[in-house]
Amino acid sequence: MYNIPITSQEDYLRVEHHKKVRIRFYQIALFLFLLCTWEIASSLQIINPFIFSSPSRIIKCFCEMIVDKTLFLHFGITLAETLISFILVIVISLIFAILLWWNDTISKILEPYLVVLNSLPKSALAPILIVWLGSNMKTIIIAAISVAVFGSILNLYTGFCGVDPDKLKLIQTLKGGKFDCLRLVVLPSSVPLFISIMKVNIGLSLVGVIIGEFLASRSGLGYLILYGSQVFKLDWVLMSIVLLCMMAMALYSAINFVEKMYLRQF
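In my numbering, the protein residues as written are 603 to 868.
Simulated from the structure, these hints should not be mistaken for lab results.
Accuracy of the hints is not assured; some may be wrong.
Calculated lysine-lysine pairs in the BS3-like style (CA-CA distance at most 25 Å, straight line) [claimed, not checked]: (1) Lys835 with Lys671; (2) Lys769 with Lys710; (3) Lys622 with Lys710.
If you anchor each label on the Cβ, the simulated ranges turn out as follows [to be verified]: (4) Asn858 with Ile648: 18 to 24 Å; (5) Ile730 with Val793: 32 to 38 Å; (6) Pro767 with Thr639: 53 to 59 Å; (7) Val833 with Lys710: 49 to 55 Å; (8) Arg624 with Pro767: 43 to 49 Å; (9) Thr775 with Val717: 22 to 28 Å.
Yeah, the Cβ is synthetic: ideal placement off N, Cα and C, and Gly gets one too.
Make a model of the complete structure from these sequences and hints.
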């Protein structure tokens, strides 16, 4: 709680700024405290440094892999697979959601199948995809798409159906067709929902890529995690997990930036 009297807009903005600064400070302080605790506990053998590693060992491993350039390979492959699968999920979801909204008969036929496929554990599909497509990047991308696409289609379709019916009636009254309703009402009204779905899908695409790399890859951060755990190089494992967290934060921030740019225009 703040005891600063709010007498003008400037006072209000100042209070909000101080609040954001304080929250950011506590976030950074908590992060540094956890890192220091982890490092001290590892150095004093309170936890087993071989199993739990330490921040200093992870940084050392990171620098070594930067020097031999293997880190760029693994990080770049995982990032490329994530972006490709994310873009394909967005395109496929939009096309299918429009198709379901356009034709009520098709939506009633396909909706039960989409619900079932969305509920299916996607890790169960990965071994089948390897048999069908082989152990390659295509398999990983399709595995990642399968994680996100079905839920995305259902959410978009639900959003399309929830558009204000009065606006649709207005377009129809003015002799507009189905395409006019889609172009002028449905798609513009669904942009906030679409951006929210993108935020979810970027994380799901990354999860799907890692699942695929566990089973069908010889490179990438998922492969590095799996291989590191098999040969007990847990510094590799924890470093890869940290890099995945950083990648997820960066991708989410990029979509968040797009959302802010959109909101500024409207």
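Each hint, compared with the structure:
no., hint, in the structure
1, Lys835 with Lys671, "18 Å, holds"
2, Lys769 with Lys710, "24 Å, holds"
3, Lys622 with Lys710, "47 Å, violated"
4, Asn858 with Ile648: 18 to 24 Å, "38 Å, violated"
5, Ile730 with Val793: 32 to 38 Å, "36 Å, holds"
6, Pro767 with Thr639: 53 to 59 Å, "56 Å, holds"
7, Val833 with Lys710: 49 to 55 Å, "52 Å, holds"
8, Arg624 with Pro767: 43 to 49 Å, "46 Å, holds"
9, Thr775 with Val717: 22 to 28 Å, "35 Å, violated"
Consistency with the previously given hints fails for numbers 3, 4, 9, ordered from lowest to highest.
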